[in-house]
Amino acid sequence: MNKNETAFRNFLENKMNEDEKKIFLEKLESSKEMKIEFEKINKIYDLVQKSKTVTLNSDYTLTIIPRFRERLVNDNKASFISKYKYAFAAIFILFTTYLVTTQLLNNREPNLQKIYSELSDNEVSYFVTDLGIDLENEVDDLVTEKIDSIYNEKLNENFSASLSENKNKIITDDMNLTELDNYLSDNDIDQLYTELLEKKIL
Amino acid sequence: MQDANNDVELIKSFLQGDESAFNRLVKQYQEKIYWHARRMTGNHLDADEILQEVLIVLYNKLKTFKFNSSLYTWIYTITNTRSINFLKRKKLRTFLSLGDIKNQANESENIIADLETKQKLEKIEKALQKLPVKQREVFIMRNYDDLSYEEIAKITGKSIGGLKANHFHALNKLKEMITDE
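Protein chains in written order, with my numbering: chain A, 1 to 202; chain B, 1001 to 1181.
Watch out, some of these pointers could steer you wrong.
[Unchecked claim] Just the calculated beta-carbon pair ranges, DEER-fashion:
no., chain 1, residue 1, chain 2, residue 2, range
1, B, Lys1123, A, Phe92, 52 to 60 angstroms
2, A, Asp59, B, Lys1126, 19 to 27 angstroms
3, A, Lys32, B, Glu1150, 32 to 40 angstroms
4, B, Lys1126, A, Asn14, 50 to 58 angstroms
5, A, Phe92, B, Ile1160, 49 to 57 angstroms
6, B, Thr1094, A, Asp59, 44 to 52 angstroms
7, B, Asp1018, A, Pro66, 12 to 20 angstroms
8, B, Thr1094, A, Arg9, 46 to 54 angstroms
9, A, Arg9, B, Thr1077, 18 to 26 angstroms
10, B, Lys1123, A, Tyr84, 45 to 53 angstroms
11, A, Arg9, B, Lys1126, 17 to 25 angstroms
12, B, Asp1018, A, Phe92, 24 to 32 angstroms
13, B, Thr1064, A, Tyr84, 41 to 49 angstroms
14, B, Ile1056, A, Asp59, 19 to 27 angstroms
The hints are simulated quantities; they were obtained by calculation from the structure and are not laboratory data. In this text, all values refer to a predicted model and were calculated from it rather than measured experimentally. Each residue gets a CB set at the ideal place from its N, CA and C atoms; glycine is no exception.
Only chain A is shown next, with the shape it has when bound in the complex (with noise of 0.2 angstroms):
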């Protein structure tokens, strides 16, 4: 900290008494560098006094206290809003997906209810009774087309593997020829003889 600012000061705000103001002028007058600072604290000082002393205009005063209290309003609903923000938002969000869950569930299923009451009671019997075991016989033709479907398919790929694992067994062992003779048509029967003759292997 500067040591002259202190004196500076108490000289500037006339905080001196005779005596102090006295070996104060006397010491500033002796040093050239304490001179010249003084005179820069000087002009920052009658500066800031000259901008203490300024007052402010009244037609801007006297818009201070109408515009807080309208400030104050408008802070005040803000606020309101602010606050309740997260709750309005909370419900809207409820809302909404209550909204659109009854929404998709509505669509999913049909209200049978609404259906029923929309039909008289001969639609009703026909539909609970001849259209209900109509449904079933069908249901139960194609689940037993499946069921064969499904069985031969599997049979044919049984077969298949069983055929290709023994072909070679088949083939080399005379005891297995007539059962081959079984599974082949005469055709193949000629052309499976033929390509052995062909091969010496007959």
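Fit chain B to the given chain A structure using the hints.
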């Protein structure tokens, strides 16, 4: 002392529902709030904005005032904190180029009539704005509001040694700036 008693009476009346008591408090302190904010920010528009913010805070928090310190010290502390926060926000807005960065120097014309005073005010304001906020803060409190280092330490929560150092640097910079012009 009479002012302090008057403040207490006005606060009590306001807390009992007398809105005009608050208006009287505002009239008493509005210039002090404005000028501290003005010296900290260096322009009228920002000072006016801080003044309005401080009044809102006072209105809402006056019921929490404990009468441990004077009302002036309490208001002064709020104004100083608001001014520093405002400057931080403004700096951030300027950095992000979100704020209105127009020159606001001419805005002071309407509130100060005397040309010579206005020029002097602008000169010191300009110099003050070149100081870092910490140095500006202590310079204003010490030279404009004539607060002691002990009082400034109470308001800002900083050490007296740190405040003296900041004031010393502020004074040296101002000496250079003002004599160079």
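| said: For the hint 52 to 60 angstroms, verify it against the beta carbon of lysine 1123(B) and that of phenylalanine 92(A). | reply: holds, 57 angstroms
| field | Range agreement (Cβ of lysine 1126(B) with Cβ of aspartate 59(A), hint 19 to 27 angstroms) | value | holds, 25 angstroms
| said: Taking 24 to 32 angstroms as the stated bounds, is the beta-carbon spacing between aspartate 1018(B) and phenylalanine 92(A) within them? | reply: violated, 41 angstroms
| request: Take a look at whether the Cβ-Cβ distance between isoleucine 1056(B) and aspartate 59(A) falls inside 19 to 27 angstroms. | output: 23 angstroms Cβ-Cβ, so the 19 to 27 angstroms window holds.
| Taking the CB of arginine 9(A) and the CB of lysine 1126(B), does the distance hold inside 17 to 25 angstroms? | The hinted range 17 to 25 angstroms holds for arginine 9(A) and lysine 1126(B), with Cβ atoms some 23 angstroms apart.
| query | Cβ-Cβ distance between threonine 1064(B) and tyrosine 84(A): within 41 to 49 angstroms? | reply | The hinted range 41 to 49 angstroms is violated for threonine 1064(B) and tyrosine 84(A), with Cβ atoms some 24 angstroms apart.
| query | CB of aspartate 1018(B) to CB of proline 66(A), is that within 12 to 20 angstroms? | reply | Between aspartate 1018(B) and proline 66(A), where Cβ atoms are some 18 angstroms apart, the hint holds.
| request: Take a look at whether the Cβ-Cβ distance between phenylalanine 92(A) and isoleucine 1160(B) falls inside 49 to 57 angstroms. | output: holds, 56 angstroms
| said: Against the range 18 to 26 angstroms, how does the distance between the Cβ atoms of arginine 9(A) and threonine 1077(B) compare: consistent or not? | reply: holds, 24 angstroms
| request: Check the following: the C-beta atoms of threonine 1094(B) and aspartate 59(A) are separated by a distance inside 44 to 52 angstroms. | output: violated, 30 angstroms
| request: Could you say whether the range 32 to 40 angstroms given as a hint is met by the Cβ separation of lysine 32(A) and glutamate 1150(B)? | output: holds, 35 angstroms
| request: State, for the Cβ atoms of lysine 1123(B) and tyrosine 84(A), whether the hinted interval 45 to 53 angstroms holds or is violated. | output: holds, 50 angstroms
The earlier numbered hints that this structure contradicts are 4, 6, 8, 12, 13.
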